[in-house]
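Protein chains in written order, with our numbering: chain A, 1 to 287; chain B, 1 to 716.
Keep in mind that the hints are not guaranteed to be accurate.
[Said to hold, decoys possible] Derived Cβ-Cβ restraints for the label pairs, each shown as a range: (1) Pro124/B with Ser265/A: 28 to 34 Å; (2) Asp61/B with Val38/A: 34 to 40 Å; (3) Asp630/B with Glu151/A: 33 to 39 Å; (4) Leu7/B with Glu151/A: 54 to 60 Å; (5) Glu631/B with Asp205/A: 49 to 55 Å; (6) Ala156/A with Arg39/B: 44 to 50 Å; (7) Glu338/B with Val38/A: 48 to 54 Å; (8) His434/B with Arg235/A: 38 to 44 Å.
[As the list claims (entries may be wrong)] Examples of chain A residues toward chain B, derived with CB under 7 Å: (9) Arg96; (10) Phe186; (11) Ser187; (12) Ile261; (13) Tyr267.
Derived by calculation from the structure, the hints in this document are not laboratory data. Cβ coordinates follow ideal geometry from the N, Cα and C atoms, glycine included.
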Amino acid sequence: MKPPPFEYDDPRRLDEALALLAEHGAEAKVLAGGQSLVPLLNFRLARPRRLIDVNGLGELDYLRFENGTLRIGALTRQAALERSSETAQRVPLLTRAVRFVGHPQIRNRGTVGGSVAHADPAAELPAALSALDARYRLRTRSGERVVASEELFLAARTTALAPDELLVEVEVDVPGPATGSAFVEFSRRYGGAALAGAAVLVTLDGSGACERARIGLLAAGPTPVRAREAEVWLRGATIDAATAAEAGARAAAGVTPPGDIHGSSDYRRALVETMVTRALLEAVARA
Amino acid sequence: MPRKEDLPHLTGTARFVGDVELPGMLHARIVRSPLAHARISSIGTGEALAQPGVAAVLTADDLPPATPPIPTRMFSQPGLERFLQQPLARDTVRYSGEPVAVVVAASRYVAEDAAELVELELEPLEPVLAVERALEPEAPVLHEEAGTNVAGSFVVEHGDIDAAFAAAALVVEERLAVQRHAAVPLEPRGLVANLDESGVVTVLGAAKIPHVNRRILAQLLGWPEARVRLVELHVGGGFGARGEFYPEDFLVPYCAVRLGRPVSWIEDRAEHLRACNHSREQVHELALALDGNGRFLGLRDRLLNDSGAYVRTHGLVVPGMGAALLPGPYRWPAYRCEVSHVVTCKTPAGTYRSPGRYEANFARERLIDVAAHRLGLDPVELRRRNLVPPTGMPYASGTNTDGHPVVYDSGDYPLLLEKACRRFDWDGLRRWRHERPGDGRRRGLGLAFFVEKSGIARWEYARVELSGSGAATVYSGSASMGQGVETVLAQVCADALGVAFEDVTVVHGDTASIPDGMGAFGSRAATLGGSAVHLAAESLRTRVREQGAPAPGETLSADARFESEDMTFPYGVHVAAVEVDVETGRVDIHRYGVAYDVGRALNPTLVEGQIVGGVAQGVGGALLEELVYDERGQLLSASFVDYLLPTAVEVPPVDVLITEDAPTPRNPLGAKGAGEGGAAAAGAAVANAVADALGVEVTRLPLSPERVVALAGGRT
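Isolated chain B (complex conformation) (with noise of 0.2 Å):
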């Protein structure tokens, strides 16, 4: 079946907002912090200002007083709000390229160049760069306001801990660190903004969550949310980082209600790099205790989440959903995770692909290996004795997400286990790791399992209107980000409807004929989404059925709010099959799979799509990427010559295998979200191979050949 955004995109006709032109339009620059600490002694414009071709430049004095900082969406909690970022720095710069001023312009030429000549007096501040520093009572606050770098904490906890740890037979401990990296999605932001007649300012560019990015505009605007519009246009890549409300989708609107002329910023590569979300960053200092068959009795962690400068929309979802989803698949007698989000002089983090599970999978899968090799088991078979039965299921883990108890809806992990290793032919590629491979190279296995979550804002919206010719519009409220949710929801909408797929069309992403939406994140869009159209479809039918159908010229529709009970849980199950050169450090993937069950499948194509591009990010984030700050807190892999994304050589092709064993009750479809399992233990899963291969703990991310041959025991 061809997606429904194949023409377009192939074609070259899909429209992205780097497209857009407007009559009268004028270009934005935003001026960046060139220190990562220092507090602003002035900012000269003047000069700036007078060159031909410019129309504004603005700094935080020009803002309306009363521009509130931009709030969390989600995970909040009281204390976060001291940590919040001004669309402008007012006094103090916490990050290096964080916005001071906006420069707008007759062109892109004439906005960089009077960028360049604003004119910033800084004092220079310490730079507080490590969380561990951040954590030391004599290190500079970053907000003083807040007294603490600790923006927020909590414990997630059940049984009694400390009991399983006096009882254990075993105690494995680590100290595991992901490195700070980043979504970075193909096509960076890109905003235009204009002011009609009418007194509505609309924003094209707009992804993700146009809806909720609606409501935080018309706050900071102080407006009615009748007076500001966003649409979506085509969207390369979102992966979390984009599509959230960052200090330019106020910035550029806001010019341009101000100016009364249409403005475009479109973000560069290395403005991306800078502005955007980073993620990732953790640290677990994780314990195991395990009695003498291998059960595991209880799973310990103190969780440092690494926030950057500010505290973003996201709020603390990320190290909330780590904690969460860090027991996984096993059952734990006892559990406790304590939770710091800290301040450092860095870009804001947020979310990306499958986050703060990416490195709570990591962390716990490469500790359960440490375990079996300190007993002598085999660590496919230690992962089995502790998997939570299918009997057991839905599964309270005994954790929560901002409070709402975590109950896992279907599953059969043991089942899925037993078909991954069958299908990836764990038993050969242990043949295949013993043969001898020649000098200085070596081999080894590596498999990780875990459990995802999707459908976080647990409703979404649609409408379904038939015309008179038989031809279906589908109005939702998910977002694309290119992910294929067209294409998805048309399939939905054509089966519960009984019309042709062809002939369903569906619209998204324009607040203004759409009442209200959730978006697209978390993997959400198809299962709530899809549900949603789902319903809204069904009613239609029965409309259909009791009315009889459009004449020529009428329409008919329904529409629906679908309200999930809860999330649901797909899981998943990746294997690795690495060789290692020890005089350089390279790592080959010889073979990678993924299984995942995603309750069901609605679209195959899509869903292997979806895992595969999740290795290809997972894959980046084990070997490759990696945002380095120097000591002054200067971002060192500031473009591409730097940050190394994998490219197609440095994929390998992966094996997937999709079941739909455990169709979720929690929606009329059946589905599990399936956008975040091929990144989610891509991290683990290589790790563990690589360890298995020297022979020795991989204990952080990401395996450059430098760390790979120290660990190795090589000549540096």
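One chain only, chain A, in its complex shape (with noise of 0.2 Å):
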């Protein structure tokens, strides 16, 4: 239960950091929190030859409003957005899916960034972020660009991130008016892996009828996913117990989970049926 031997720098600064990247990023792997890297190299599972611990980099280290978006810093530690009464209020979905993440033990070290960068698909963060059509500001030595989920989210822990590139932020448009979110998920132990789980955000037009619903899942698939044929079929409807079910079955309709000891893929697509269903209901219920 000891790591291999590493190379380990620890940068103070951003630009510092990107110029160990340009230098040996093909090599490296970047230590945020630490509570998903650390237990990998403990067992043995990654083997980098070198590690850049970017927590001395106090600049990505924050988390604002400014004009209706949300910007969070990569190494803005999951207490940090658990504990920000301005993201309760203005961003409640991020405050419910960060409950989920881990113990607080894991959730005073865990970072946003490094939850997103992770990118395992049972994670919370990722998934909720996705249903609120996130941007990724991913920054190199000489340059940056901004993706969506689905750019960067490649598969089960495989990000589009290039052995150059830090993910530097992440930002979140603030929801409008007459929206109601909620996070569901469904696991076998507190605080353990999710089975399934769904991110609902609903938006109601003035006869209280859907006029935009967005459905991030989690584990059900390779990456966090949209279910997209379940939010168009939902625009315009009233949501309730029968329309939720329906929006859930098609939602389930289309993913195929992955099977593990702890449920079969057809078990954890029964679950997102629940989940979507039960997230849809506490979703219009908060709109």
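Two chains, two frames, a set of hints: combine them into the complex.
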């Protein structure tokens, strides 16, 4: 339970970190909160030649609202997001989702950027950010680009981040009025890996019908996914037990969750239906 | 009353084996087989040995050729010796995780790096994983020289079982299975061994049975016992698994002796899950015969116990205890249990809190509910009709353990059932059960009655010293696993000697200062250890009366060996009320109660703690914990990501009713052991409650959410 040997850098500024990535990115892993990477190192499942520890980059530790956009620095601890009262008011879906991330000790160290970059398909924040149509700011020594969830998450624990790129910021537009959200997940044990889950935003029109629904799913496939077909089907519908169940069934029909010792793919697909149904009813009650 | 153990634990001054640092200490890493069944072609150690900082890389060929396998210490049987484990595999590996080499190096890092460089050439063989497969005539035989995969078998019976079934108005039969899971103490195992100038090897990190393990280690080293010293430090839980003699218990001292340097081995969790005893994997083909009035006529069982790849120190104790106590608190005119202990290519199995009984109680109490459903009888009433009456005590159950007849010492079973139903408000729970919960939710109640045993290995040693200052010191052959044994032995001593609790110090677990002892297992420390302390303290008190108190600077002492004629038999009732979400399969425990008669509770707080801790483990086994192997014999639940221990959220508050209606006549304290009753019937009670909620018969554990959905006739 000790990692194999590695080189170690702890840059203090973003430009230093990007320079190190430019030089060593292909053989390096970025160490942020370490809540996933350190166990992987100890199990010797990850064997990078070099660790670039970004915990010294205080400039990436922030959470601020600017013109209707929430900007979250990649090094922001999950606990800081959880405790942000402005986030709880303006983007409550994130507050709800982050509470399902592991345990308080994990959230004290784990970072928002780390959760995104690790790209565990069962992780809460990527699914919630996906539902929120988040944008991810990726920086290299020579430039930067901004990508959406669909572009960033390629496969299980695999992102579009180039070896010399660092995720520096996550941007989320504050949802408009008449929008309710819910985050629902099922795990075998408190704080454990989700077997299924749904992050949902529902915006109602003046008549109380669904103007727009956004449904992000976790643990439903190799990446966080949006249940687009169900979202389209809900447009104009009155969300009640029957329509929520129908949308849940449509969301479930579109996914093939991976099976493992905790639940088969079929069981998990049925759970997707239940999670989406429950999340929609919860969200609409808050809209 | 504060526990003697609280101050060191709470202030962080308690010393555990992982805290030990000796000058010049080396670190051992065990190289383990990656395959479940294979012939060893070769083991290349050159590259590992060439690494800077590596002191030794040893394989079976490097051990003395006369090194015997690790022996059984109890419940043996002719033939079992063919299934014992060598400290390092010689020609064949029989489970993934079996030790094949040991690397000793300057640090754990170097040892782990070098361990990766040991080159194993293995020729794969068919992994035999299921007991059913192991029993097939054409299945590969794991231990060729034995010629069979059945390591041991025996029958426990009384009465005419065929006549009982022939006369039955109703026969219910089920195949009931409990999954492989394990004790998983908070602190993994660890050892630090050192050879001193006088030629004595000292092993720190002993647990549970230091004196027994000293004997085994001396035997494996071929040394006199006087040259082997085992020392227990603080121990973070044992639950049956920790403290037995494992391959590492030989390898670490052997390396220290061979290298002349202290050697430390601290097990990590991933290693622990593959190396330390597993438990509980059993199948019961159980049949119950009743007459038209719901009277039990007979109980018949075919018990298959999955031993894993080898027979370890416990011998046949797990199925043996299961067969002995399967009858439970009921009268059976006829009983027959056929036991087979079968080897498979999985981690060897041993005892875990309430070994054999957790499984047997699940099987019997489940089947009694099945019978009640068929008869349209209330399950509590069906039990009540068949309990052994208090006038029947002492009661020979007709079974035996290791050839010794089981005679329940004392008890008023109907009284405890009545007290439990009242305390846990069984009638109120029934009303709760029939309220309409929300959509997709169903409620159920489960009750399970059981008889435990305590005080296996029927003697213990103690010495009590009284100094001129009035301070008393107890030297006990018992061991501390964190259960509070120092506290309870100090209480017993203080009471018997007439000194203050605060003035008593308890010393245990050092074979150099305590001449003999049996240790702590099977709910024995307070009853047998306490009785030995009681006798020694009484004898000392008599001496003081006769000779006067010791003068300043003087010490008076007395020792005693307490021998019990037999085990004692505490008994209890578990009650579970659950609410099941039939869409997700989640089982929420609404209420959990345990009523336990322990004869006399020497320290009710400790007894309650034992029960609550036992429920936590028992509920874990009912709902969450499972050691799952893939078809190649690789352990899939190989870390805490997948081996799901219950947390404070999953463990319900436990309402504990401790009763003292039936003190045992078998020891001077009247106390029966309290360590295992919290776990004993948790699987049974939870399964009965889930079955009641869903209206279907649950026949296997754990009740994972997917299984619950399937039982509910859900969408999968």
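To see whether the hints hold, each was checked on the structure:
About 29 Å separates the C-beta atoms of Pro124/B and Ser265/A, a value consistent with the hinted range of 28 to 34 Å. Distance hint check: the CB atoms of Asp61/B and Val38/A are about 37 Å apart, consistent with the given range 34 to 40 Å. The supplied range of 33 to 39 Å is met by Asp630/B and Glu151/A, whose beta-carbon atoms lie about 35 Å from each other. In this structure, Leu7/B and Glu151/A meet the distance hint of 54 to 60 Å, their C-beta atoms being roughly 58 Å apart.
Remark: the range hint 49 to 55 Å for Glu631/B to Asp205/A is upheld by a beta-carbon distance near 54 Å. Range check, Ala156/A to Arg39/B: about 36 Å between beta-carbon atoms, so the 44 to 50 Å window is missed. Between Glu338/B and Val38/A the CB atoms are about 51 Å apart, so this pair conforms to the stated range of 48 to 54 Å. Taken as a hint, the range 38 to 44 Å holds for the pair His434/B and Arg235/A, whose Cβ atoms sit roughly 43 Å apart.
The restraint placing Arg96/A at the interface with chain B is violated, with a minimum CB-CB distance near 18 Å, outside the 7 Å limit. The beta carbon of Phe186/A is positioned within 7 Å of a beta carbon in chain B (closest approach about 5 Å), and the interface hint is therefore held. For Ser187/A, the shortest C-beta to C-beta distance to chain B is roughly 10 Å, which exceeds 7 Å, and the interface hint is violated. The beta carbon of Ile261/A comes within 5 Å of a beta carbon in chain B, closer than 7 Å, and the hint placing it at the interface holds.
Residue-level restraint check for Tyr267/A holds (minimum Cβ-Cβ distance to chain B is 4 Å; threshold 7 Å).
Checked against the numbered hints given earlier, this structure breaks hints 6, 9 and 11; the rest are met.
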